[in-house]
Amino acid sequence: MSIRFVLCCITVIVSISFHTQVAHAAVIEGSVELAKYAPRSPAVSQRYAGQAGAGKADTAPPHVAVAYLEGASITREQLRPPEEPIVLAQKGLQFAPGILPVMLGSKVRFPNNDDVFHNVFSYSPSKSFDLGRYARNEEAPVQHFDTPGLVKLFCEVHSHMRGTILVLETPHFVTSDAEGNFRLEGIPAGEYILKVWVNEKQTLQRSVVVKDEETLTVEFSD
Amino acid sequence: MTSGKYKHKVTISFRFKLMAVMLLLIAVITGGMLYLTQRAIARNYQQFLDAQFSQQVGLFVEQQRIRLQTTADAIAATTENVRLIAALQAGDAERFYSDMAFQLDAVLSQYRSTSGDADLGYFFRFIDTDGFALPTDEYSAGTVAGLTEPELDTFLEKFSITGVEITPTTRIGYIDFDTAKGHVLYELLITPIIDIFGDGTLGELVFGIKMEQRQAAVSRDIRSGLYLNGELFSLAIPEDLRGTIESGLATAFTQQDTRKLRVEINGQPYQVFYHRLQQHDKFPEAYQVSLLPLTDLESLRASVRDVIYILSIVALLIAVVLSFIFAERLTNRIQGLLRGTIAVREGDFSYRINPSGGDEIALLAESFNEMAEGLTLKEKYRDIISKVSDKRVADAILQGNLKLELGGENKDVTVMFCDVRGFTKLSSTMTPGEIIEMLNEHMTAMTKVIYQYKGTVDKFIGDAIMVIFGAPQGYNDDAQNACNAAMAMIAERERLNTTGLYKINIGIGLASGVVVAGNMGAADRLNYTVLGTQVNLAARLCSVAGQQETVICSETAARLQGSRELRPTEKLKLKGFTDEVVAYYLPSTKNSLD
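Residue numbers (our numbering), protein chains in the order written: chain V, 1 to 222; chain A, 1 to 594.
Isolated chain A (complex conformation) (with noise of 0.2 Å):
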């Protein structure tokens, strides 16, 4: 279908490239939904695991809430016996702490360790206004496994709060204690002691539970624990995990990190949570830290991928079909202009396209046709305009070399007038139909020579052919064309007689000079035609030359420059030419011809 005159060549078809283009966009689109969805989902899942927690944290504060409640409550009751405030007023320290064990008998109990340490899992202390805590060594009143009672004062002194700043609420904290034994955690609870009906508030009784006994896990999927001060206490997270989320837990501090720290215990992908308890400015910043899974997102995740991948195959198959059908036509529709436009190219203005499809394409072919159409016209119009006139004139005119209105310049020329001999008596024994058959095959015939040697026909008069060499468009050799013509017309002339229907002989007579050459006639009706003495000359030396003879004025001869040999003739007396004129003979065809 592509030919090989083009300079361009297909290098990509422009069916593969629309196909290509739509599986382009189809990749773009899916992928482009992958990556959203999954963006959705994760963001979703993170949500969800943001509620969990927050759910969880708030589950934990009203767990400790309740679990602290019933121990708030009933040391705040103790505070205001007023055995133990007499105890506080007189400095009686062994006797205020085992009134008070007493006193909080059965909410210790639930706190008393079962392990047989040497600390009870709980301690209480008093510490007065001025900050100072009265120490005791009275076993109920409980103490920390590895630090000794002023190692425990000095530390409690730290979190007391002296005067003005006391409320009227139990404070509730964590800390951790650096004891021999290393990092304990403790919680605490501080109640104001006041004595309402003297001297107000006495000071406060610090209240600390040992947290390893409370740090069970609240589900078997949610491990939590607390972090305090660098270090994670907790017993449901593994203690080889401790270290790393304790660092991350340090690095996402610094850096204002959002919660996006991972861990993987057997295998399972958990995310670490953190919430910041509330905790008095005294004491140190406490989190709440819990480890919730990401089995079921990574899942999830993985679910929704794959359905996606399906759906994308799916679609991209659907595609490659639709876009390998819809390619075709386009592309088919394409082709049969191409195929237009090489038909009319190599001169078949009669290719038409079906102008079918209802867009742009037909409205192409449509184009196409009328430009086809227009083609024909013109070629039509040639035809005609070359069938009445000549064709190097019709050309001339239709290439704008020629101006279609009247005018004329002086060009120089040789003029040939070629008529046949003892016309008038040969035509009397023919019928009409015979003569106009006889002539027409005669005239073809020379006029394909004449054309052959560049001559334009300017008319047909009766039997005679009127030559121009040199009108409208000159070659630098109009004279040698004109009498290489002539000879050609001769031996045509010839040739035809041994082999034709007729027999006709012919003379021919050549004139050259300037003449006048140009479109005359009217204004609507134009001939192309010269005027001059050298017509008039070519037409008497017509009529001079003899059967298969071709008379040239003394002119040509000279143009020929000696090319030939010449036979003058005689002195001629030619009508309309007051001086005798000198002519030639051309060698006839027996002769060599060029």
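Same shape as in the complex, but just chain V (with noise of 0.2 Å):
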């Protein structure tokens, strides 16, 4: 025998049974009745309507909701982060997305889209920084997300910005349509703890189980 062809078996097996994994994965699916958990509806700021680019997204970002499994199964070391930075852009005078769930250990760069400054600043303790002014044509920063939690953003040049970034310990997470539907994909089977992060102050859960090929229904009704 050959090394090659023993190279070539064991790619071949565990590309099999990764795909095994793959095919035998579940799928949970739920929604949230968002109504009742959404923040206070903030003023309507007039102060830039009227200027270029600012159109419709001169109000709050649209609330949605952040869904995700913590398990026993689930550790700080399994997480492969990737390697390409999330894209969080200020785009019509709010931040684009609103709410951005992230992977501990993420990089996110903040690319201006606009034609005006923003100055983007987070004083979260998880994570406190401060990108400084840069317009659309300058090399936009990257931050490096290596604490878990809730990190808020704002922009110094415009109040009513406001973004959410929640960094998970999870690689199953998914952020809800406008609706409050969501599904993740792609899940091993196990017990799970699923969160559904609603606002600032409040994140449902509940306990699911999994099974191969199963796709189990959350209903967050109560």
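Honestly, the hints are just simulated from the structure, not real lab data.
Treat the hints with caution; some may be incorrect.
What the hints assert, rightly or not - Facing chain A, from chain V, some residues (calculated, C-beta under 7 Å):
id	residue
1	Tyr123
2	Ser124
3	Phe154
4	Ser159
5	His160
What the hints assert, rightly or not - DEER-style ranges, computed between Cβ atoms:
id	chain 1	residue 1	chain 2	residue 2	range
6	V	Asp130	A	Pro135	24 to 30 Å
7	V	Glu139	A	Ala180	56 to 62 Å
8	A	Glu285	V	Thr203	45 to 51 Å
Stated by the list, open to error - Which chain V residues face chain A? A few, computed with CB under 10 Å, are given here:
id	residue
9	Pro39
10	Phe121
11	Ser122
12	Pro125
13	Ser128
14	Lys152
15	Cys155
16	Val157
17	His158
18	Met161
19	Arg162
20	Glu200
Glycine included, C-beta positions come from ideal geometry on N, C-alpha and C.
Using the hints, put the two standalone chains together into the complex.
Written out as structure tokens, the structure reads:
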């Protein structure tokens, strides 16, 4: 036997088992009543109405929820954050997206897609930074989020601009749609706690058990 | 002018009373004027002071507003700063306070204490919606000297208002901190911090300004201060007075007294005014206190008082003079009336008073004159009556004792007739004028004597006189009177015969008994006389009497009761009497008279 052959076999076996794993993964679907957990509807900033690029994005970003799984089988060491920085843009005088879940260890780039200056900063204890003032054509800074927790984003120039980054210690997370529906895919079978972040103060949770190739539907309607 | 015959005495003369009344009136009016004017002045000055004070309060409030407006605006502006809001949401006190201090630097520099105290003369703290203060030791956030951070936070938490009570405006209030160094007055501005793009009201920022530097007097004359929790904070009011004012104000509040508190500074009087400042109900009651000077009021009142006194004295003097003159005029006229009545009282009915003056006294004078006129007339009539009839009859008629109508009554009287012996022969050689003169003289003398002995002359019949003793009024000893009268008449006649022009001899006859006495004649021409047998008898006995002789009847003699020695006459045969009449001679004048 040649080493090449052995390596091929190993690769095939690993990929087959991996594929088998992927092929047997479960799906968790669910929804929450977003309206119940909507934050106090903030004032609409009139200051920038009519300004170029303001459009309808000078209102608050749409309220969405973030669903994610925690469990004994999920550990920090297993996390594989993406290499490429995730983009959180400043567009239409708002953060886009308004709520961004990222895996612990991810990088986030903050490009300025507006024609005005922005100055993104955060004083959150988990991650405190100040990106300074930069314009569209300037190099967008990148931040490395290596502490789990909630990071609140502000723009010094535009006080109505608010953003949230959830730094999560799990690979399984998804942002809901505007109606509150979410779908987690590729979940290995097992026991987990399903958590749904609905606003800064509240996170709903449910214990779930998923089996292979199962689609579990969870409703948070109480 | 006053007579001792009066029963009453003049204790206080009428003039004096009049003057006294007028002076009293003037005094009352003057006193009343003075009192009312003083009150009006005091009231007006009080209003003036009130106006001045409310103006000063308005000024204070306005100045406070202006002074604090910039601060309040600056604070309100910072609360919109998103960095501060971010710091608060992250719970980062250090960043919050240092950022805030940086933002407010322009404002803080005005309040920064220059005395180098540990506290900067100001402080600011954040209090969340649950009412908890966010503590800090950040130097630029300031502190209150004498209070630790926990103490300050606890104190401030009392003033926080949670949740729905927060109003969007800045609240201003006064509090005093009870520190180790005593009570310190602070002015607080409380501004809500609102994240309008986020969770809404996050809490409040309490900004405190130490008031020592702020209590400078507005002007030299108006000394002011702030009264809080029983303590007066002021630079311009002397310390030794503060205790007095504090206790005075405390009493005024409990008793709901009006503003009449007064104090003295350097001998000058001041009135204490106070005005309750608008504070939120969580703050203690605070009052703007001012001392307004009363020196002007006092000098004004003094000068007005002086003017009124002078005017009053002048008025009094004029009143004295005028009342003296007027009273004298009045009393003179009254005294004229008095003189008139005295004259009348003493029988002078001719006195007349001049009815001048055109008032009631003039009417009184006129009445008096009419009265005197009436009395004079009455006297004239009485005279006339007396002259044409006997005085006693006249008196009896005038006094109403004798009715002026026909009628009579039985009366027991003694009748006397007295005539002249040998009259015809005597008068034959005389002229009628001489005869009348002689007779008049004789009748006058005889009448005078008759009147003395209570006799009433009935009539004169030529040379004879008819007299009644005992009518119209009886005296118990009429017979005795008649005899005495007869003897006196004879004595008088004899005296006149020696001294007078004519020599006349008379004879008298007396008879006593019951006769009819009364007014006889025609209804409008009456004559009081008597009728009866005794009348005839007396006449007959008269003609029997010789010269200077008196013949009396037996009845008369009997009534004499032996008091005289009587010589009986011969038995007489008289015309008209069937029986012989017994008569007696009275003793002649050579004998003793009674």
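Item to check | Distance restraint hint 56 to 62 Å, applied to the beta-carbon atoms of glutamate 139 of chain V and alanine 180 of chain A | outcome: Since the Cβ atoms of glutamate 139 of chain V and alanine 180 of chain A sit about 58 Å apart, the hinted range of 56 to 62 Å holds.
Checklist entry - For the hint on serine 128 of chain V, does the least C-beta distance to chain A fall short of 10 Å? => result Hint holds; serine 128 of chain V Cβ to chain A Cβ min 8 Å, cut 10 Å.
Item to check | Hinted contact methionine 161 of chain V with chain A - closest CB pair below 10 Å | outcome: holds (8 Å)
Checklist entry - Measuring from the C-beta of cysteine 155 of chain V to each C-beta in chain A, is the shortest one below 10 Å? => result Holds - the Cβ of cysteine 155 of chain V comes within 10 Å of chain A, reaching about 7 Å at its closest.
Item to check | Restraint satisfaction for histidine 158 of chain V [CB to CB of chain A, less than 10 Å] | outcome: holds (8 Å)
Checklist entry - Can the hint on lysine 152 of chain V be confirmed by a CB-to-CB distance to chain A that is less than 10 Å? => result Interface hint status for lysine 152 of chain V: holds (6 Å vs cutoff 10 Å).
Next on the checklist: Does arginine 162 of chain V hold up as a contact with chain A if the rule is Cβ-Cβ below 10 Å?
Outcome noted: Cβ of arginine 162 of chain V sits 6 Å from chain A, so the hint holds.
Next on the checklist: Please check whether valine 157 of chain V passes as an interface residue: C-beta within 10 Å of a C-beta belonging to chain A.
Outcome noted: Holds. Min distance 9 Å.
Checklist entry - Per the hint of 24 to 30 Å, is the separation of the Cβ atoms of aspartate 130 of chain V and proline 135 of chain A within bounds? => result holds (26 Å)
Item to check | Status of the hint placing tyrosine 123 of chain V at chain A (closest C-beta pair under 7 Å) | outcome: With a closest approach of 4 Å, the tyrosine 123 of chain V hint holds.
Next on the checklist: Under 7 Å is the threshold here; is the Cβ of serine 159 of chain V close enough to any Cβ of chain A for the hint to stand?
Outcome noted: Hint on serine 159 of chain V: holds, closest Cβ of chain A at ~4 Å, below 7 Å.
Item to check | When the least beta-carbon distance from phenylalanine 154 of chain V to chain A is tested against 7 Å, hint result | outcome: For phenylalanine 154 of chain V, the interface hint holds, since the closest Cβ of chain A sits about 5 Å away, which is under 7 Å.
The structure shown violates none of the earlier numbered hints.
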